[in-house]
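**Q** Chains as they are written, first to last, in my numbering: chain A, 56 to 751; chain S, 56 to 751.
It is worth saying that the hints were derived from the structure and are not from the lab. Mixed in with the good hints there might be a few duds.
Stated by the list, open to error - As a list, the in silico DSSO-like pairs of lysine-lysine whose alpha-carbon atoms are at most 30 Å apart: (1) A:K567 / S:K707; (2) S:K64 / A:K572; (3) A:K567 / S:K64; (4) S:K64 / A:K64; (5) S:K707 / A:K707.
This structure is a prediction, so every number in the text was calculated from the model and none was measured.
Protein chains: 2
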Amino acid sequence: QLGSYVTLKWLFALFIGVGTGLSAFAINVAVENFSGWKFLATFAIMRHSYLAGFVIYALFNVALVFSSVYIVTSFAPAAAGSGIPELKGYLNGIDTPGILLFRTLVGKILGSIGSVGGGLALGKEGPLVHTGACIASLIGQGGSTKYYLNSRWIRMFKNDRDRRDLVTCGCAAGVSAAFRAPVGGVLFALEEVTSWWRSQLLWRVFFTSAIVAVMVRTAMGWCTHGNCGHFGSGGFIIWDTSGGQEDYSFYELWPMALLGVIGGLLGALFNQLTYMLSSYRRNVLHKRGNRVKIIEVCVVSLITSVLSFGIPLLNKCTPCPDPVKYPDIVCPRPQQHYGNYVLFNCPKDSQYNDLATIFFNTPDDAIRNLFSTKTVHEYSARSLLTFLALFFFLATITYGTAVPAGQFVPGIMIGATYGRLVGMLVVNLYKKDGIDEGTYALLGAASFLGGSMRMTVSLCVIMVEITNNLQLLPLIMLVLLISKAVGDAFNMGFYEQQAYLRQIPLLESRPKRFLRKLSAKDALHTSKVVSFPRVSKVGSIVSVLRSVSHNGFPVIEQLQNGETAVIGLVLRSHLLVVLQTKADFQHGPTPGHENRTKNKYSVTDFVKPVSSKGLSIFDVNLTAVEMEMYLDLQPFVNPSPYIVSEDMSLTKVYNLFRQLGLRHVCVVPRPSRILGVITRKDLLPEVILSMRFLTL
Amino acid sequence: QLGSYVTLKWLFALFIGVGTGLSAFAINVAVENFSGWKFLATFAIMRHSYLAGFVIYALFNVALVFSSVYIVTSFAPAAAGSGIPELKGYLNGIDTPGILLFRTLVGKILGSIGSVGGGLALGKEGPLVHTGACIASLIGQGGSTKYYLNSRWIRMFKNDRDRRDLVTCGCAAGVSAAFRAPVGGVLFALEEVTSWWRSQLLWRVFFTSAIVAVMVRTAMGWCTHGNCGHFGSGGFIIWDTSGGQEDYSFYELWPMALLGVIGGLLGALFNQLTYMLSSYRRNVLHKRGNRVKIIEVCVVSLITSVLSFGIPLLNKCTPCPDPVKYPDIVCPRPQQHYGNYVLFNCPKDSQYNDLATIFFNTPDDAIRNLFSTKTVHEYSARSLLTFLALFFFLATITYGTAVPAGQFVPGIMIGATYGRLVGMLVVNLYKKDGIDEGTYALLGAASFLGGSMRMTVSLCVIMVEITNNLQLLPLIMLVLLISKAVGDAFNMGFYEQQAYLRQIPLLESRPKRFLRKLSAKDALHTSKVVSFPRVSKVGSIVSVLRSVSHNGFPVIEQLQNGETAVIGLVLRSHLLVVLQTKADFQHGPTPGHENRTKNKYSVTDFVKPVSSKGLSIFDVNLTAVEMEMYLDLQPFVNPSPYIVSEDMSLTKVYNLFRQLGLRHVCVVPRPSRILGVITRKDLLPEVILSMRFLTL
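Hey, can you work out the whole structure from these sequences and the hints?
**A** Below you can see the structure in the form of C-alpha cells.
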C-alpha cells in the first residue's frame with residue numbers, strides 16, 4: 056500500500072504537470088489567435104476608414120471582455136481576480152469557498168482568454184497559477200464535486216496534507232507554464248504561496264514544474280509547423296534578451312538604484328490605489344449585483360480601446376532608422392508579423408509610430424518591444440511618458456473588476472516603460488557603447504514587480520528565466536532589494552493587501568516586534584474557553600456551535616478521582632458530520648466502548664469537500680428527541696494537538712504556526728512537572744529501536 | 056538599534072560574499088598555477104627522458120600533497136575531509152569541536168590548494184563550502200577566538216540563531232563560489248544543509264550568493280589580461296556545454312534511464328566502500344597518530360602519480376580527426392594551452408593520446424574534455440573503461456585521508472566517463488545527427504552525484520548553472536530521479552553516512568514510519584527525569600553535571616500551596632558559566648530577588664564560543680565551602696521551552712524538531728485543563744492590538 060501511495064503521488068504530479076501545460080498552451084493559442092484576427096481585421100479596415108477600423112477594434116474587445124465577465128459572474132464568481140491571495144490563504148489553512156471548484160477552473164480558463172484577448176490591461180499569468188491549483192485539486196479528489204472517481208487509491212489523498220501538497224504542486228506548475236520558468240515556479244510556490252517547506256515535497260514540486268516545461272516545449276515545437284494559427288513564433292524563452300548588455304560599469308549603478316527607488320514608489324502607489332478601489336468595489340459597487348459588474352467591465356474595455364487606438368493616432372510618426380547603419384532592423388514591420396516598428400497612421404511607408412508599437416499591440420509583444428535590444432532611440436521620451444501615465448491608469452482601474460486578472464504583465468509593462476526611459480537617459484548621458492536600453496527596461500520591470508508584489512528570490516529567478524540572461528542576476532537583485540525596501544516603507548505587498556481586504560489572516564514572514572513582549576495567554580480572546588465534556592448532550596453541542604464561531608473545541612474528561620484531563624481537540628467540521636449522521640447518539644451519559652464506532656464512518660466522511668462551502672450547523676436538522684440524546688466525543692478527537700504553555704512568548708507561538716502550517720494551538724497552564732526532555736539523539740531510529748528492545 | 060542590527064546583517068552578508076569570493080579566487084589561481092607549472096615542467100623534461108619527467112611529476116605531486124597533509128595534521132585537524140557533514144550537524148544543532156576556527160579556515164584553504172594542486176582524486180568544492188562557513192562564523196564573532204573585535208554591534212550577533220543564519224549564508228556562498236552557481240548555492244544551503252527555512256533568511260542568503268558571483272566575475276575579468284599566470288582562460292560558466300544537444304527524441308530516454316540506474320548502483324557502491332574505509336581509518340589507522348596519516352596520504356599520492364602517468368604511457372595514440380572535415384578542432388593541442396587532444400607519448404605529431412587527455416590533466420580540464428561537444432569518437436571505449444575503473448579506485452581510497460577533500464569533482468569525473476561511454480553506444484546504435492556524447496557525459500555526471508549524494512533540486516540547478524544549458528533540465532531531473540531511487544534502495548546518502556560515522560545525529564527529512572505508532576513518552580530514556588529545584592545546592596548541581604551528559608535540565612519550583620511548577624529549562628552551558636563566575640552563590644536556600652543578577656553578566660558570557668570546545672564541568676574548580684552554598688537558578692532558565700504532551704505522536708515531535716531547528720523539547724503529562732485555543736486570526740497584529748486596547 057505504501058508503494059502504491061508513493062507511485063500515485065508521482066503520477067498525480069505528472070498529471071498536474073500535463074494538465075497545466077496543456078491549459079497554458081490552450082490559453083496561449085486562443086489569446087494569440089483572437090488578438091491576431093483582431094489586429095489583422097483592424098489594420099485591413101483602417102486602410103479604408105479609421106472610424107470603421109476603430110469600431111471593429113472596440114467591438115472585438117468589448118465582445119471578448121463581455122464573454123469573459125458573463126461567464127465569471129454567472130457561473131464562476133470565484134474565478135474573478137488573480138486567485139493568488141486566496142491560494143495563499145488556502146495553503147496556510149484558511150479556506151475561501153469555491154476557489155478550487157471545477158467551474159472555477161473552466162471560468163478561469165475561458166475568462167482569461169476573453170479578458171486578455173480583449174486587450175484589457177491585465178495578464179494571464181496569475182490566473183494560470185490558479186488554474187494549476189484547480190487542476191491539482193480536482194486530480195487529487197478524482198474529479199469534480201458531482202462526478203468523481205472514488206477508488207481506494209484516490210481516497211488515500213482525501214486528507215488535508217496531501218491536498219495542500221498537490222495544490223502547492225499546482226501553483227508551481229502554473230508559474231512554470233506561465234513564464235516557462237521551472238525553477239522560478241518552484242521557488243514561487245515555496246517562497247510566496249506556502250509558508251512551510253519539506254524536502255520531499257520540494258522534489259515533487261520540481262518534478263511537476265519540469266513536466267510542464269517539457270509539455271509546453273513539445274506543444275510549441277508542434278506549433279512551429281504552422282498548426283496553431285497566429286501562435287507559434289518565438290522560442291521557449293518568452294522575452295529573450297540574451298543579445299543585450301553583458302557587462303556593466305560602476306557608473307551604471309546609480310541609475311539602476313534610481314530604478315529601484317522609482318519601482319518602490321510607484322509599486323506602493325499602485326498597491327494603495329488598487330486597495331482603495333478594490334475596497335470601494337467590494338463594499339459598494341459590486342454589492343449592487345452582476346449587472347453592475349458587467350457594465351463596469353465593458354466600460355473599462357471601451358476606455359481601453361479608445362485610449363489604445365486614439366492616443367497612437369494623435370502621435371507623430373518617426374522615420375525608420377537608417378537601413379545602411381542598422382541592416383538587422385526591419386522597419387516598418389510587415390503587416391502579418393509581430394515585431395517592432397509598427398506602421399500606424401503614418402504618412403510615409405518608411406516611418407513608424409513608436410506609441411502604437413507598444414500601445415496598439417498584444418501585451419506580450421509590447422513587452423518584447425520594450426525589452427528589445429540594439430534598438431537605440433526607438434522610442435521618444437514623450438511617447439514613453441504618455442504610455443506610462445495611461446497604462447498605469449488603465450492597470451489601476453482594471454484590477455478588481457469581475458474578470459480573471461494577473462498583475463505580472465501590467466507590472467512588467469509599467470516597469471519596462473520607465474526602465475526604458477531611464478535607459479535613454481543613461482545612453483544620452485554617457486554616450487558609450489554597451490549600454491542597452493532594453494536591459495534597463497528589464498531592470499525597470501523587475502523594480503516595479505519588486506515594489507508592488509515584494510517577492511524576492513522567486514521573482515529574481517523568474518526574471519532570469521524569462522529573459523535567459525544569467526549575467527544580469529546581481530543587477531536584478533540590487534534593483535529588487537531597493538524597490539522592496541522602499542515599497543515596504545509605505546505599505547504591505549500587493550497580495551497581502553488583497554488578502555487583508557478579503558479577511559484572509561495571512562501571517563507575515565516576520566512576526567511584529569511587539570509580540571515578543573506578549574505571551575500566549577495574551578492572545579486568548581475570552582477569559583473562558585469553550586470546551587465540551589467527553590459525553591455531551593446533543594442539544595448543548597448544537598447550541599454551542601450556533602452561538603460561537605470557533606472551529607476547534609477542547610474535550611475534557613472527568614476522571615474517577617475527581618480530576619479532569621484533556622482528551623483532545625474536536626473540530627467543528629467533524630462535529631457537524633457526526634451530528635448529521637446521528638449514528639452515534641446514545642441515550643445515557645455513560646461513555647461508550649472505545650472501538651464502538653469503527654467502520655461506521657469511512658475516513659472520507661470527515662473530509663470537508665475541498666471545493667464547496669462545507670456543512671453549516673444550520674443545515675443540520677435534529678428533532679427534539681434527538682436533542683435530548685447524548686454523544687460520546689472521544690472517538691472523534693485529535694488526541695494530541697500542539698500545546699504551548701500560557702507564558703510562551705507570542706513570537707514563538709507565531710513561528711510554530713508558520714513553520715508547521717497549524718490551524719489551532721492549545722494553551723495550557725504552566726506544567727507542574729516534566730516527564731523528561733527529548734533531544735535530537737533520542738529521535739534517531741537506531742536509538743529508539745534499541746531502547747524499545749531493552750524495555751521489552 | 057533595530058535599524059543598525061538590520062544594516063549590520065546585510066553588511067555581514069556582503070563581507071561573507073566578498074571574503075568567500077576572494078578565497079575561491081585565491082584557491083583557483085594557486086591550484087591552476089601549480090598545476091600549470093607541473094605539467095609544463097613534466098612535458099618539457101619528458102622530451103629528453105620519460106623517467107626524469109615522471110620523477111619531476113611525482114615529486115611535484117608528493118610535495119604539494121605533503122604540504123597539505125602536514126598543515127592539516129599539525130595545525131588544523133578539523134580541516135580534513137569535506138566538512139559538509141559537520142556543517143549539516145552544526146546547522147541542525149550539533150556542534151563538532153573546531154570546525155569553525157580560524158586555523159581551520161587557513162588549513163582548509165592551504166590544504167585544498169595542496170591536495171588539489173597535487174593531483175589527488177578529489178575536488179575543491181566541498182572544502183570551499185566549509186571555507187565559506189568558517190568565514191561567515193569568524194565575521195559573525197568579529198575575528199578569531201584570540202583576537203577579535205568586541206563592539207556593541209558585534210555582540211548583538213552572539214546568539215545561536217544569528218550565527219546559524221550567518222553560517223547558512225556562508226555555505227551558500229561556498230557553493231556559489233565553487234561552481235559559480237548562485238541559485239544552486241542558495242538551494243544547496245536550504246535543501247541540503249539546513250532542515251528549516253525562513254523567508255527573510257532566504258533573501259539574505261541569495262544576496263550573499265549574488266555578491267560572490269559578482270566578486271568571482273570581477274576577479275576573472277581582471278585575470279583575462281594575463282595577470283594570473285595560468286589561470287584566466289574560460290568564461291564565467293565552468294563547463295559550458297551550450298553547444299551541445301538542444302533537443303532529444305523519445306528513443307533516447309532509455310539510455311538516459313540506464314544512466315540513472317548505473318549512477319544509482321555505482322553511487323551506492325561508492326558510498327559503501329568509502330564508509331567502510333572511513334570507518335577502518337577512524338577506528339584503526341588514524342588512531343596510530345599523525346605520522347601514519349602523513350605516510351598514508353603520500354602513498355596515495357604516489358599511487359595516483361604512477362597511474363596517471365603510467366597508464367596513458369601504455370595507451371596507443373589515435374590519429375587526429377580529419378582537419379578538413381572538422382575545421383574547428385585543434386589537434387593535438389598546443390603545449391601551452393589547455394584543451395582536448397593531448398599529445399602524450401605519440402610517435403607522430405598528428406596523433407593524440409585519449410587517455411592522457413582525461414587522466415594526465417587537471418580535474419577541471421578533464422571534465423571539460425569529457426563534456427566537450429561536437430567531438431564525436433574522441434575517446435575509445437577501452438580508454439574510458441580503464442579510466443573509469445582506475446579513477447573509481449583512486450577516488451575511493453583518497454576520500455577519508457587527512458586532507459581537505461571534496462566529492463563533487465571526482466563524482467563528476469566518474470559519472471562523465473560512463474556517461475560518455477553510454478553516449479558512444481547511443482551514437483553507434485542510432486547513427487543520427489544531434490546526439491552528442493558530451494551531453495550524455497553531463498547526464499552521467501548528474502546520475503553519479505545523484506546516486507551518491509542523493510541531492511535533488513539543488514544538484515539539478517547546479518548542473519544547469521555549471522553547464523549553462525537550461526534545455527537539459529528535464530533530462531537531468533529524470534536521471535536524478537532514477538539514480539536517487541536506485542541508490543536509496545541500498546544505503547544512505549554520502550553525507551548522511553559520513554555524519555553517522557561521526558555520530559552526528561542528523562534527522563532525515565522523512566521520519567521513519569514506525570514513529571507514527573510511538574508517542575513522546577516512548578522516546579524518554581529513563582523513567583526518571585533529572586531536574587533541579589529552583590534553589591539548588593552548588594554541590595548537587597556539580598555532581599549531577601558530572602554524572603549525566605544531558606544538556607538541558609528542567610527547573611522546578613515548590614509553590615507555597617504545596618504544589619510544584621516548572622519554571623523553565625536551564626542549559627548545561629549556562630550552568631557552567633554561572634558555576635565558574637561564582638558571583639551568584641548565596642548562603643541560604645531562600646530565593647533571591649528577581650532583578651538581583653541584572654548587569655552581573657553580559658549576554659555574551661552565556662554564549663559558547665563557536666569555534667572552541669566550550670567549558671566542561673571538569674574545568675570548574677570549586678572549594679568545599681562553595682560546594683555547600685546555594686544557587687537560585689530562576690534568572691538563568693529559558694522560561695518557555697517548547698512542550699509536548701506525553702501522548703503526542705513521535706512523528707509530530709520529529710517534525711517539530713526539524714521544522715523549528717530545536718535541540719530540546721520537554722515532555723509534560725497530559726494537561727488537565729486548557730486555557731484556550733489560539734488560531735491564526737488571533738495572531739494578526741490588528742486583532743491583538745485591538746484586544747489589548749479593549750482590556751486596558
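**Q** For each hint, tell me whether it holds in the structure or not.
**A** Results for each hint:
Among the hinted pairs, A:K567 with S:K707 is consistent with the structure: their alpha-carbon atoms are about 27 Å apart, no more than 30 Å. With a C-alpha separation of about 23 Å, the suggested pair S:K64 and A:K572 falls inside the 30 Å cut-off, and the hint holds. Distance restraint check for A:K567 and S:K64: the Cα-Cα separation of roughly 18 Å lies within the 30 Å cut-off, and the hinted pair is therefore satisfied. For the hint pairing S:K64 with A:K64, the CA-to-CA distance comes to about 40 Å; that exceeds 30 Å, so the pair is violated.
For a cut-off of 30 Å, the pair hint linking S:K707 to A:K707 stands: about 17 Å separates their Cα positions.
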